[in-house]
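Chemist: Take a look at the letters that make up each chain.
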Amino acid sequence: MNPADYQLVIIGGGPAGLTAGIYAARARLKAVLLENGAVAGQVLTTDWVDNYPGFPDGISGFELIDRMTAQAARFGLETRQAQVTGLDIALPIKKVHLESGETITSRALIIATGARPNQLGVPGEKELTGKGVSYCATCDGPFYRDQEIAVVGGGDTAVQEAEHLTKFASRVTVVHRRAQLRATQIIQEKAFANPKIHFLWNTQVKGIEGTAGVQRLHLQTNDGQEGSLAVTGVFVLIGTTPNNDFLPLEQLGSDKHGFVLTDGEMRTKIPGIMAAGDIRSKNVRQIVNGAGEGAVAVLAAVDYLNDFE
Amino acid sequence: MAGEKVIHLTDAEFGKKVLEAAIPTLLDFWAPWCGPCRAIGPVIEELAEEFAGKVQIAKMNVDENPATPGKYAVRAIPTLILFKNGQVLEQITGAVGKAQLSAMINKAL
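Protein sequence lines, in the order shown, are assigned to chains P and W. When we follow our numbering, the leftmost residue of the first sequence carries the number 1, and every step to the right adds one. When we follow our numbering, the leftmost residue of the second sequence carries the number 1, and every step to the right adds one.
Think of the hints as simulated: they come from the structure by calculation, not from any bench. There is no bait here: all hints are sound.
Straight-line Cα separation of at most 30 Å, BS3-like style, residue types lysine-lysine; simulated pairs:
#	chain 1	residue 1	chain 2	residue 2
1	W	K59	P	K167
2	P	K126	W	K107
3	W	K16	W	K107
4	P	K206	P	K126
5	P	K126	W	K84
6	W	K71	W	K5
7	P	K126	W	K71
8	P	K167	W	K71
9	W	K59	P	K126
10	W	K84	W	K16
11	W	K5	W	K84
12	P	K256	P	K206
13	W	K16	W	K71
14	W	K107	W	K84
15	W	K5	W	K59
16	P	K282	P	K206
17	P	K206	P	K167
18	W	K59	W	K16
Working from the sequences, and respecting the hints, build out all of it.
Modeler: Here it is, written out as structure tokens:
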């Protein structure tokens, strides 16, 4: 008598989606987690996670994800490698369209598709991506042994990864458009104490130049002075863009940047559809609140399903 | 079993097994310390199943094999290069979805 394939479909395999999966499996919901391989969470690109509770010595980003995945598997969560191409959410039974052509149906959905790194949007960036322009310090740091490189940004990710990059590079210049960092104090203190890290304040990157690979950055200070910085690599770590390509944002509700709006219980304005993690419109994007939101979203889903059934 | 169809290549084998190969090759440059590389691993294995006999799907560990990534100026991973008749047909950097990779591979057929 069950008209839907699932009670709950979770889209996304990062900390929010996996935590939702753990809670859904323990609630004995008929649930599936869909992940597309490519976006298993920004945490995968994090070298070392020092602020997730319960790991006093820290843990690598991918080991944390591995452990969350194993924990979800222990409670029997069904997971599938699948790319979602669209959602039909007009009716109470929601349809999830997959890239394989298949459609699965569910009463409730949790959207945990996360976010991806922003690009600078300057000349040379696209052409030199993978040839010196990088968005992942853990992935690409080892290619810059004994070289001079730059990091663009001033938040936690930028400053922490600048620190990580000093394990390889001889000099790391942090280019930041403001006069001070936004990064957490303890991360700032480590960076300021590191002799390999230098800062260019009030400065923006206007272009990335090079033929076979990155050779220099074209810079401009906020008061209009132009300059250049010779580097072989530049790591762009300036915040994130929501992974919302297939989401019906006008129905779900989103902020002006395309992040999904929810209430405190993670509910979107469509009954039965929750959002959790970096895809949500919010100020703080940390692993710990992403995971917490995954749990809250499942409890909202359970409430919704109880009313439904 | 998934995964058995993915070929693991070394620098020494690259010329014979890729450049001189009769069929196109998608080569995934990866390393064990790269989270996104691990994340796309299952996708690479599925592609190897689906394109078996038509396109070789191969992986090369850049830690153990520095020469080939050097030759193709690979400075970010995962980087996936599609080779046909000894030439680079297309190159993609970063963890991308299966649909995008399938579309790329189909260009070599």
